Amino acid sequence: MDIPVSRDTVTIDESVHYIYKQLTDGTDPVTVPFKTMKDVFLWAASLGYKRGERRPITGKKLTIFRWAQFSSQNDIPVVKAISLADGDDITVLLSQDEMLNVVEEYANAGIHDLRTRLLDESGQPLWKLVNTL
Amino acid sequence: MKLERITIENFRQYYGKQRVDFAKEDQKRVTVIHGINGAGKTSFFLSINWCLYGKSFENVKVVDNVGELMSKEAVSRAVIGETVRTSVDLAFLHNGERYMVKRSLQGIKQEDGTVRLEENDNFTMMRTRADGQAERINNPIGTMNSILPVNVREYFLFDGEKIDNFAKPEAAAQVKQAIYLVLKLEILERSRRHLDTVATEYRKELKNKSGKELRDLLEQEEKARADIKKTKDRIYDLHQEKESAEGKVGDIDKRLREMENTNTLQQQRDRIERELKQRRTEMEEVVSTVRDLAVAGFFVVAEPAIKKAIQLLEEKRERGEIPSDYRQQFIKDLISKMVCVCGRPFMDGSEEHKALLAKITHGLPDALQDEVLNTCAVLHAFEQRTEKHRADLDAAMRRRAELVDIIRILEAELDDVSRQLKGSPLEEISKLERQRENFRADIQSNTLEIGSLHVRVDDFTKQIAELKKEIDRARKEEKREVLLSTKLDLAQKAADAIGEMYQTFADDMREKIQEKTKEIFKKLVWKESHFQDVKLGPEFNLEVIDRYGFSARPELSAGERQVLSLSFIMAMSRVSEEEAPLVMDTPFGRLSSHHRNAIAEHLPTLADQLVLFVTDEELRDEARQSLEPRIGAEYRLEFSPRTSCTEIVEVR
Chain B
1 MDIPVSRDTV TIDESVHYIY KQLTDGTDPV TVPFKTMKDV FLWAASLGYK
51 RGERRPITGK KLTIFRWAQF SSQNDIPVVK AISLADGDDI TVLLSQDEML
101 NVVEEYANAG IHDLRTRLLD ESGQPLWKLV NTL
Chain G
1 MKLERITIEN FRQYYGKQRV DFAKEDQKRV TVIHGINGAG KTSFFLSINW
51 CLYGKSFENV KVVDNVGELM SKEAVSRAVI GETVRTSVDL AFLHNGERYM
101 VKRSLQGIKQ EDGTVRLEEN DNFTMMRTRA DGQAERINNP IGTMNSILPV
151 NVREYFLFDG EKIDNFAKPE AAAQVKQAIY LVLKLEILER SRRHLDTVAT
201 EYRKELKNKS GKELRDLLEQ EEKARADIKK TKDRIYDLHQ EKESAEGKVG
251 DIDKRLREME NTNTLQQQRD RIERELKQRR TEMEEVVSTV RDLAVAGFFV
301 VAEPAIKKAI QLLEEKRERG EIPSDYRQQF IKDLISKMVC VCGRPFMDGS
351 EEHKALLAKI THGLPDALQD EVLNTCAVLH AFEQRTEKHR ADLDAAMRRR
401 AELVDIIRIL EAELDDVSRQ LKGSPLEEIS KLERQRENFR ADIQSNTLEI
451 GSLHVRVDDF TKQIAELKKE IDRARKEEKR EVLLSTKLDL AQKAADAIGE
501 MYQTFADDMR EKIQEKTKEI FKKLVWKESH FQDVKLGPEF NLEVIDRYGF
551 SARPELSAGE RQVLSLSFIM AMSRVSEEEA PLVMDTPFGR LSSHHRNAIA
601 EHLPTLADQL VLFVTDEELR DEARQSLEPR IGAEYRLEFS PRTSCTEIVE
651 VR
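Taken in order, these protein sequences are the chains called B and G.
Number 112 in this note's numbering belongs to position 112 of the first sequence; there are no gaps in the numbering.
Number 163 in this note's numbering belongs to position 163 of the second sequence; there are no gaps in the numbering.
In case anyone wonders, no lab produced these hints; they're calculated from the structure.
Here the structure is a predicted model, which is why all the values come from computation and not from measurement.
Some hints could be false.
For lysine-lysine, the following DSBU-like pairs were computed, each having C-alpha atoms within a straight-line distance of at most 35 Å [as the list claims (entries may be wrong)]:
| id | chain 1 | residue 1 | chain 2 | residue 2 |
| --- | --- | --- | --- | --- |
| 1 | B | Lys38 | G | Lys522 |
| 2 | B | Lys50 | G | Lys308 |
| 3 | B | Lys35 | G | Lys229 |
| 4 | B | Lys128 | G | Lys388 |
| 5 | G | Lys388 | B | Lys50 |
| 6 | G | Lys212 | B | Lys61 |
| 7 | G | Lys61 | G | Lys468 |
| 8 | G | Lys223 | B | Lys35 |
| 9 | B | Lys61 | G | Lys479 |
| 10 | G | Lys523 | G | Lys28 |
| 11 | G | Lys468 | G | Lys229 |
| 12 | G | Lys207 | B | Lys60 |
| 13 | B | Lys61 | G | Lys468 |
| 14 | B | Lys35 | G | Lys388 |
| 15 | B | Lys128 | G | Lys462 |
| 16 | B | Lys35 | G | Lys207 |
| 17 | B | Lys38 | G | Lys316 |
| 18 | G | Lys462 | B | Lys21 |
| 19 | B | Lys128 | G | Lys277 |
| 20 | G | Lys232 | B | Lys21 |
| 21 | B | Lys21 | G | Lys307 |
| 22 | B | Lys61 | G | Lys476 |
| 23 | G | Lys277 | B | Lys60 |
If we strip away everything but chain B, and leave its shape as in the complex, we get:
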């Protein structure tokens, strides 16, 4: 079976882009733990799945990074696990497009949770992130 040419761009809803910017804007590790939007995205997707919240992207789609930036040891297995767990269908593993759709929608829901946890409550974001684990 040939794997068809797939979508390579990882996108978010334009309306949540400001959260991604807020969470990555700065160099102090205690106040701004995230270095890249990819990290924020994976956290948002994991939180979204954990809470069982999936939200389709209804606004304009914005590309924030590319599939190739996912690490094969850490990131891609989690993307695959969420996709498998979401649909009970192993053939999803052959469709990068479908896997992206799934994690993007979980991230679209989870990003709000991440923001609430790290920015809305008092305390330093890094320690709050640690407490989430």
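With the hints as your guide, set chain G onto chain B.
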């Protein structure tokens, strides 16, 4: 345009097919068609108009209020259910090419004797190419309009009844309109109007924009850059101050180290400070580790997904779907060779063959199988990694807590040393330590201020980046504005130039027509000596000036008015240089014999081709004699009261 032939079929009182060949030789360019009143002259005239333009063309009514076009005789002779057809074919030459146009209308005879007509008539146009082949023209209506525009038509195909219209006192607008249309002044006027409108739109658009936005943005950028520079200068100064204070602290420390009474305390302080520095560095490293672990820890959050995915894959494995114990490619190879795995050949349709086929259909595709096996292995590894990750993070956090305590203790020890020195009974020592404390305080406050100023620089830098984007956008906008004002300028200049051209051209044309009308009018009017001049004023009023220099129009007889009108029309057709026939329906009806004679004499030289529909009374005696040498074709319309039909009879 020169008419060659017309074929009329079942059109009004013309029953059946009838044909007329028009005279078109230079020397014999006149076709005369005789008919008494009611014989069908107007129907014939109408058939030409209908053939070329239909009932109406671009909202111009061509054939109006004339009742049915279809021959009543043809309808009455048709049986019920039979198709009845009306058509007019016209052949003509234009710019050296031969055209054939045909308009037809058909319908089916109903039981009540009427004809149910098809909704639209059918218009076709053919052109004969140089090689003699006829080709169909795809846009016949447009082509026809370019050969003889519909709104110009009535100046070439005109109705004698309306001939004096142009000479009526209220006709200035009509005269102007005629000149516009025939001499194509309308095109110039329209393009001038169009360009004027465009220029106005550009002007409006420009008014809504201005260069102010760009200027404001550039000012803001300049200000932000100035602020950055000021802030950086301040940071530099603070660094200088800080270094100087640090130097002073160093000097004091040196003094304290050298003094016998303080030497032990100062060495203790040196040691604590060294350790504090180390611990702080370690603290930074630990925080960095915590950060890396925390950020990479999303997989811990995703644990439920990982567990569920593993469970799903395990179920598949338990059901024997994965991993299958063979590769699909291997099975396919066996089938293609028709050899069993033990090396024994088998037959098509045999048990072995069936078993192998079943394995292919039930197995997973190779790509998916690889994917599933790899994913399964990697996800299993995560189960242990989650534990390890949590343990690493806990360890790092514990170490951080320890360091916090260590640092706090070291700082307390430093305070203690300082307190002892300050409390020294020796004035010098206590003074030095207080100075040292002040310098330390300066260093701290400078460090704090430098930090906050760096944040300001970052903010300004971001602001400048944003402004740059805005400026780029505004610059593009401004380029558009420059382009827009160039366009505006161009449109306005072109409109003005066309306006001037138009005025010059219109004046020029008016004068030309005036001269030509005068020339023709003088030829045609017998009281030549009485009329001195013909004027077409700037307001387009057509005036005849008598020998006393007064406008003679109020005194013109009906006949003279007709002649003036005719002169004007002839003048226009001459000046327009449009190659078109003059087809006139009863032109001489209201003229005295003097005028008729003059017109009959001069008319053939004033048109390339002349078709006259006349009554016998209109054209006789001297008039007839004048025209005689130029007549190339002559027909008579014979109306039969018995059948109510007209037959066209060739008399020459």
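Hint by hint, here is what the structure shows:
no.: 1; hint: Lys38(B) x Lys522(G); in the structure: violated, 96 Å
no.: 2; hint: Lys50(B) x Lys308(G); in the structure: holds, 11 Å
no.: 3; hint: Lys35(B) x Lys229(G); in the structure: holds, 29 Å
no.: 4; hint: Lys128(B) x Lys388(G); in the structure: holds, 20 Å
no.: 5; hint: Lys388(G) x Lys50(B); in the structure: holds, 20 Å
no.: 6; hint: Lys212(G) x Lys61(B); in the structure: holds, 34 Å
no.: 7; hint: Lys61(G) x Lys468(G); in the structure: violated, 63 Å
no.: 8; hint: Lys223(G) x Lys35(B); in the structure: holds, 31 Å
no.: 9; hint: Lys61(B) x Lys479(G); in the structure: holds, 31 Å
no.: 10; hint: Lys523(G) x Lys28(G); in the structure: holds, 21 Å
no.: 11; hint: Lys468(G) x Lys229(G); in the structure: holds, 17 Å
no.: 12; hint: Lys207(G) x Lys60(B); in the structure: holds, 33 Å
no.: 13; hint: Lys61(B) x Lys468(G); in the structure: holds, 25 Å
no.: 14; hint: Lys35(B) x Lys388(G); in the structure: holds, 23 Å
no.: 15; hint: Lys128(B) x Lys462(G); in the structure: holds, 28 Å
no.: 16; hint: Lys35(B) x Lys207(G); in the structure: violated, 47 Å
no.: 17; hint: Lys38(B) x Lys316(G); in the structure: holds, 32 Å
no.: 18; hint: Lys462(G) x Lys21(B); in the structure: holds, 13 Å
no.: 19; hint: Lys128(B) x Lys277(G); in the structure: holds, 27 Å
no.: 20; hint: Lys232(G) x Lys21(B); in the structure: holds, 26 Å
no.: 21; hint: Lys21(B) x Lys307(G); in the structure: holds, 32 Å
no.: 22; hint: Lys61(B) x Lys476(G); in the structure: holds, 26 Å
no.: 23; hint: Lys277(G) x Lys60(B); in the structure: violated, 50 Å
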